[in-house]
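Protein sequence lines correspond, in order, to chains A, B and C.
Every letter in the first sequence is one number past the one before it in the working numbering, and letter 64, counting from 1, is 140.
Every letter in the second sequence is one number past the one before it in the working numbering, and letter 34, counting from 1, is 1053.
Every letter in the third sequence is one number past the one before it in the working numbering, and letter 171, counting from 1, is 233.
Rather than coming from a laboratory, the hints here were simulated on the basis of the structure.
Treat the numbers as computed from the prediction; the structure is a model and nothing was measured.
Where hints are given, some of them may not hold.
So the derived label-pair ranges between C-beta atoms look like this [as the list claims (entries may be wrong)]: (1) 119(C) <-> 112(A): 55 to 63 Å; (2) 1047(B) <-> 551(C): 39 to 47 Å; (3) 1023(B) <-> 170(A): 35 to 43 Å; (4) 87(A) <-> 474(C): 42 to 50 Å.
Glycine residues also receive a C-beta, built at the ideal position from the N, C-alpha and C atoms.
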Amino acid sequence: MGSLDSYLPIFVLLVLGVLFAALSIGVSRLLGPRRPHAAKGAPYECGIVPTNELPRRFPVRFYLIAMIFVIFDIEIIFLFPWAVIYDQLGRFGLVEVIVFAGAVFVSFIYLVADGALDWGPARRARSFGSEPGRTTESAVRRVGAAGGRAE
Amino acid sequence: MTIDGSWYLALAAVLFTIGAVGVLVRRNVLVMFMCIELMLNAANLTFVTFSRELNDIGGQVAVFFVLVVAAAEVVVGLGIIVAIYRHRVGATADDPHELRG
Amino acid sequence: MTPFAALAPAGLAIPHIDYTALLPELILLGGVLVLIGVSAMTPRRLPTGVYATMTVAIAAAALVASLRLWRDVQNHGAFTTVAHSVDVDGFAVYFLVLVSCILIVAAIIGSGYLRREGIAGCEYYALALISGSGAMLMASANDLIFIFLALEVLSIPLYVMAGFDRRRPTSQEAAIKYFVLGAFSSAVFVYGIALVYGATGSTNLPEIGAFLAHNVITANGVLLAGIALLIVGFSFKVAAVPFHMWTPDVYQGAPTPVTGFMAALAKAGGFAAFLRVFVATFPTLRGDWQPVIWALAALTLVGGAIVALAQRDVKRMLAYSSINHAGFVLIGLQAVTTKGVAASAYYLFAYAFMVLGSFAVVGVVGAKGDRRHDLEAYRGLAARNPVLATVFSVLLLAQAGVPFTTGFFAKFYVIAASVGAHSYALAVVAMASAAIAVFFYLRVVLLMYSTQPADPGDEATTPGPAGGGVATLVRIPVGRLVVQPSIALGLAVSVGVTVVFGVWPQPLIDFTRAATFIFH
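Could you build the full structure based on these sequences and the hints that come with them?
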């Protein structure tokens, strides 16, 4: 490794970064006019008043699907390096990958059984504890056309 | 003009600082969340740069694990945020205020 | 594809993996797969007791595997596996045993709570087991990246568990606060790892130690910055002042048995890695980091004890008391001696059982809905359930460090280690904070035995939080408090360990001493 003096710029820039952030917040607080207004607290944080009421509750299903997607995305991150050199890893690598994929698969079975992939108004077979009032289904219905009532 | 490793390290340090200040200053949970991602990616950039400078594969392997952890955090964080959204209107860190003492 | 292939070493050396050395962790993770598999395959949700029994069996199997590993390590010495990233030594196996015990007690206590609250399903147990495996990996990790991974495996299930009671908004609030600050501290921690890697050229702890022992670094700014960030990251996880802000809110908001589990497990896992990284890897730089730990320990001891005095909510009070306990464990770290490490390890063992038991009692007194945690709820508890009041008194007095409990020996040994390392001022601070702490523990004990009835209006009903959605008024029974059999069993174990090893301390002390011989 080279001389550690070459890392000096990091610290200079770290200090500069902190100073800049502190300075810009401080100056804007000192100099900026303060006229609190309801519109400024509204979405977009810039004073534009929303013209119509947006549907508040986005169907939770979309988030669920996105989360499940991320899990499989991550599975690929680990499968990819293995696939590049699987012939060198031999049986050891194969067994390890099968164990890994098996663990993800069991979790996937759990998700399916828990109704995470049921897309539609049918009630989930089993609900977590008892949750009175709002359910996913009622939220989906309220949002209406934007929601996932297909099928 | 050649760009040596210290520039990348400096960039990573700045990114990390922006992320850290963002988490402490911003009040929207999703924005705080993005700032945390920024911090993790700054660490990744540092790992890759050092890996290159030291000519050692270890730093690049570390990036894989950091990526995976970041994704796991995204999933869990989104899950918690969605659970809160279903009971509340906004997603602001100051909105939950029942725990004070 | 090409860049990856180019980077792969020509003759790929497959690391030797000793699966028997990883057996406790593998049992826990395999157990999780069995649990969620069973849960997915059964058409109806099974009663919580079934999952609790399975979890206790899994954790007991891990305990047996850990004890076998202990015997191997004692007979054949410590060894490393998985390309030197897992260190199987007495210190690691000590924590494997402790974590297995924590899991058993937490599963027993949790099942009683879940039954009372009517929450079915395997999620609590599965998350607890994953978190436990993370704590085990943290204790045996020998590589900074591995520690980071284990830290996340430990923490991420805890974020979810903190928000487990979805009917109570405070629980979700606890989850989001814990999550944001936990993820923030993880990011700080991993950036610290990156800097240490850059300065030393390795993430492997023995390699870093060897590099530092053989090289004199003239400009060690990057290394010191990395170490500072590591200290910040660890301090967040173990809740040391000034990185403790999340603790009271999260401890108060999380479901009560989860709070006990979190307190016991996160402290054990966090401190295990903290001790290994700093005492075993960075002893050559102790001149730089020891004063920082000194300041952290002093602040944590005093801050935790003083703020706890002002608390009206018992869960918050116990949260600050847990911060105070973290200060005591830090004293053992600050000593940087074998005695210090042994004292810290002993403290964590004693603390785990005291805190699990204490929060189990708080959960019982909290009544259905887990909402009644005001100090007034404890007034006259001895009349409502004398056994429960006695048990809680014993646990609180043990936390205060009264003789004939493990709490006394725990405090005694850390202070002795501190004196042995010539940190006299810190020893004095520790004794002063212990004296302050006695006051708030005794206040609860006296309230329980106070005969004055509370204000009847206050006792009869208590308003539920707005937006809770279940009911606006929660009726509180004034009469006898019923303790469920499983919680009684968990309490018996906690009090048993606390008192038996307090009266007959030698076995546990020998166990700790044998576990920490590696540090010199």
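Checked hints:
For residue 119(C) and residue 112(A), the Cβ-Cβ distance of about 60 Å falls inside the hinted range of 55 to 63 Å, so the restraint holds. Checked against the hint of 39 to 47 Å, the pair residue 1047(B) and residue 551(C) passes, with Cβ atoms roughly 45 Å apart. As the Cβ distance of residue 1023(B) to residue 170(A) is approximately 42 Å, the hint placing it in 35 to 43 Å holds. Hint check: residue 87(A) to residue 474(C), Cβ distance near 43 Å, so the stated range 42 to 50 Å holds.
Consistency note: the structure conflicts with none of the earlier hints.
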